[in-house]
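K.L.:
Read off the chains here:
Number of protein chains: 2
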Amino acid sequence: MDYLPLPGTHVEDIDTPAIVVDLDIAEANIKAMASFAAENGVSLRPHMKSGKSPFWALKQIEAGAIGVCAAKVGEAEILAEGGVREILVTNQIVSSTKIRRLFGVASQANVTVAVDNHDNVDDLSMGAQMFGIELGVILEIECGMNRAGVKPGEAAVALARAVENAPGLRFDGVMGYEGNAVYTQDFDLRKQQAMDSVNILVAAADDIEADGMEVKIISAGGTGTYDITGKVERVTELQCGSYLFMDSKYLEVFGDHPHPFRSALTVQGTVTSKPASGRTIADPGLKAISTDQGLPGVVSVEGAIVRSLSEEHCVMETQGPADELQPGDKISFLPTHSDTTINQHDYYYCVRNGMLETVVELAGRGRFM
Amino acid sequence: MDYLPLPGTHVEDIDTPAIVVDLDIAEANIKAMASFAAENGVSLRPHMKSGKSPFWALKQIEAGAIGVCAAKVGEAEILAEGGVREILVTNQIVSSTKIRRLFGVASQANVTVAVDNHDNVDDLSMGAQMFGIELGVILEIECGMNRAGVKPGEAAVALARAVENAPGLRFDGVMGYEGNAVYTQDFDLRKQQAMDSVNILVAAADDIEADGMEVKIISAGGTGTYDITGKVERVTELQCGSYLFMDSKYLEVFGDHPHPFRSALTVQGTVTSKPASGRTIADPGLKAISTDQGLPGVVSVEGAIVRSLSEEHCVMETQGPADELQPGDKISFLPTHSDTTINQHDYYYCVRNGMLETVVELAGRGRFM
Chain A
177 MDYLPLPGTH
187 VEDIDTPAIV
197 VDLDIAEANI
207 KAMASFAAEN
217 GVSLRPHMKS
227 GKSPFWALKQ
237 IEAGAIGVCA
247 AKVGEAEILA
257 EGGVREILVT
267 NQIVSSTKIR
277 RLFGVASQAN
287 VTVAVDNHDN
297 VDDLSMGAQM
307 FGIELGVILE
317 IECGMNRAGV
327 KPGEAAVALA
337 RAVENAPGLR
347 FDGVMGYEGN
357 AVYTQDFDLR
367 KQQAMDSVNI
377 LVAAADDIEA
387 DGMEVKIISA
397 GGTGTYDITG
407 KVERVTELQC
417 GSYLFMDSKY
427 LEVFGDHPHP
437 FRSALTVQGT
447 VTSKPASGRT
457 IADPGLKAIS
467 TDQGLPGVVS
477 VEGAIVRSLS
487 EEHCVMETQG
497 PADELQPGDK
507 ISFLPTHSDT
517 TINQHDYYYC
527 VRNGMLETVV
537 ELAGRGRFM
Chain B
177 MDYLPLPGTH
187 VEDIDTPAIV
197 VDLDIAEANI
207 KAMASFAAEN
217 GVSLRPHMKS
227 GKSPFWALKQ
237 IEAGAIGVCA
247 AKVGEAEILA
257 EGGVREILVT
267 NQIVSSTKIR
277 RLFGVASQAN
287 VTVAVDNHDN
297 VDDLSMGAQM
307 FGIELGVILE
317 IECGMNRAGV
327 KPGEAAVALA
337 RAVENAPGLR
347 FDGVMGYEGN
357 AVYTQDFDLR
367 KQQAMDSVNI
377 LVAAADDIEA
387 DGMEVKIISA
397 GGTGTYDITG
407 KVERVTELQC
417 GSYLFMDSKY
427 LEVFGDHPHP
437 FRSALTVQGT
447 VTSKPASGRT
457 IADPGLKAIS
467 TDQGLPGVVS
477 VEGAIVRSLS
487 EEHCVMETQG
497 PADELQPGDK
507 ISFLPTHSDT
517 TINQHDYYYC
527 VRNGMLETVV
537 ELAGRGRFM
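In order, the protein sequences belong to chains A and B.
Each residue of the first sequence is one higher than the last, beginning at 177 in my numbering.
Each residue of the second sequence is one higher than the last, beginning at 177 in my numbering.
Heads up, some of the hints might be wrong.
No copy is singled out in the list; a pair is fine if it fits within one copy or between any two copies.
Unchecked claim - Simulated crosslink set (DSBU-like; lysine-lysine; CA at most 35 Å straight-line):
id: 1; residue 1: K407; residue 2: K506
id: 2; residue 1: K506; residue 2: K367
id: 3; residue 1: K506; residue 2: K425
id: 4; residue 1: K327; residue 2: K506
id: 5; residue 1: K207; residue 2: K407
id: 6; residue 1: K392; residue 2: K327
Worth flagging that the hints you see were computed from the coordinates, not collected in a lab.
Construct the complete structure from the given sequences, taking the supplied hints into account.
P.N.:
Below you can see the structure in the form of structure tokens.
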């Protein structure tokens, strides 16, 4: 059982470490990406590996998204349970247990799943027949990230044909992820890298269509490449997710590049020790803020630089106003990577005008299985 | 609601990614540290920031530990609720909400808390009087880690005196953490670094005793320094925690140095894609295995090296038997840092002879508040 603060609680009275989301900013981010998509004639299917909650999925769908992406069955389950009716699972679902669970989701929502090999197509087809449910299937194309995905060209055409011929499966199209480009700082280089990947993806779709199949969906895009990939005419939908809270890593990548997004998510901490002038200790450690994209920034006070995180401590070099902080004082951190930070918490504390409006459960967190 | 596999399930049938603990090995590790402590006349108070569950705490107490350490109030709460009656909170508890909760725990268990400043002593004393509960207090001494802690010498003596004089507080002694030494590979250098820290801690205790106060507890030690710090006569108790599951980072640090511990914890994953010869993709990503101490190893098959982790993917370079792995095959990973890996999961799947014996809730996970 968790004891939660009541709506109306002042943000500074929320105990720490806590994920605090500014609802006005998050809603503005949602609106901004929806507007971009509408203006550029591309659909938006935001990735829920960031938000991990039906709350954010439904807000984005209400603002115009056609559905959402999920990274795994466990996420898809909580989204379907929460009322989301259009879900693209962007990874391969391969074990028999997970495939059965995928059909559990597919009985509640329109589900499309990514495949990259023939055995998986056979297993999904068998499941579709067993459950009597038509399952959408999209090919993941290896387009430069050197991760999963079927090779474009003949291999992709053959796999698409296998899906097309498989009882119970509906061939929906292709997807890729230009993940090798999303963190490139120089815009021209980022654009070139992204286009190299997207061109491979589009060519794979062309090959499949040349073989007589309809490619309804060409899905790609991360927050770092939304305004590159989203302007490619053949791309039908964008998968970006991080723009919802806008990671500081992406803000750094964008630099002077114009964009409408602001950071909506911070981690609130408490100063726990002031052992020496110039050194201040606070309570978010590695178990509250991820560091896989770098150390967090401090946003609520001038003059603090995070020097290291151990499990439950964050050591800051402090000067000026920050060096005046005393144990008990609240302090706000900006994580470089929201997704892996969020994944360590159970709740979002959503505030408006500095007051708690609602606590949102991170229902998809920990749903590995 | 979570759906959990039943006892008797074969380990390979547990869905992934999942934390799998080999109970025989974990119990042998528990016994080995308890024996070391008994043979060296030092008490053992294992840190629960690793185990995060009363299950492991009670097992260690049953094997001879005098109690456990907790990193925060949320952990102490679940330990007390689970029946642990002797808890040392190794950090400063400073906000009024957390102090009130600390007394909630202190009404169920004998609680000692670390302090490093006078205001905190005053606040704790006020709480102790308000709740009518005597609270144990231990000074955290800054002995080389440059984190929190009161400076040894006059400052420590004055703070000890303040505790001694504060109504409702019981001065228990001093603690330190030679965290700067625990990962040093060369044993002689590790010993020197550890002893430099421990000598500072012991000197601080000497100063306090010279001022007429009794120092009942001198607490220190991590798994990396257990057989150094644990042999110092003045040290009364060891705080080591990681030996329970034995991190591979510590195995690397120990190298040829003799010790009785083995890795009890692995992360079970599933191969999800085999896009090319030499490259194999599995499902534990950054959200299932932490990388703050380095990339995980692969232990269930020869010839696999983890090259990178993204959020839900792990990319392996594979050759030989590992390159034969196909989607759906199970594979076991050895995290470099158990604590931060565990913190992302909700359950331990505890196996004996390859069969699920019990599922243990990670009750302390996510208990920031």
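K.L.:
State for each hint whether it applies.
P.N.:
Results of checking the hints against the structure:
no. : hint        : verdict
1   : K407 x K506 : neither (42 Å within a copy, 41 Å between copies)
2   : K506 x K367 : neither (40 Å within a copy, 38 Å between copies)
3   : K506 x K425 : both (23 Å within a copy, 34 Å between copies)
4   : K327 x K506 : between (51 Å within a copy, 24 Å between copies)
5   : K207 x K407 : within (18 Å within a copy, 63 Å between copies)
6   : K392 x K327 : within (19 Å within a copy, 67 Å between copies)
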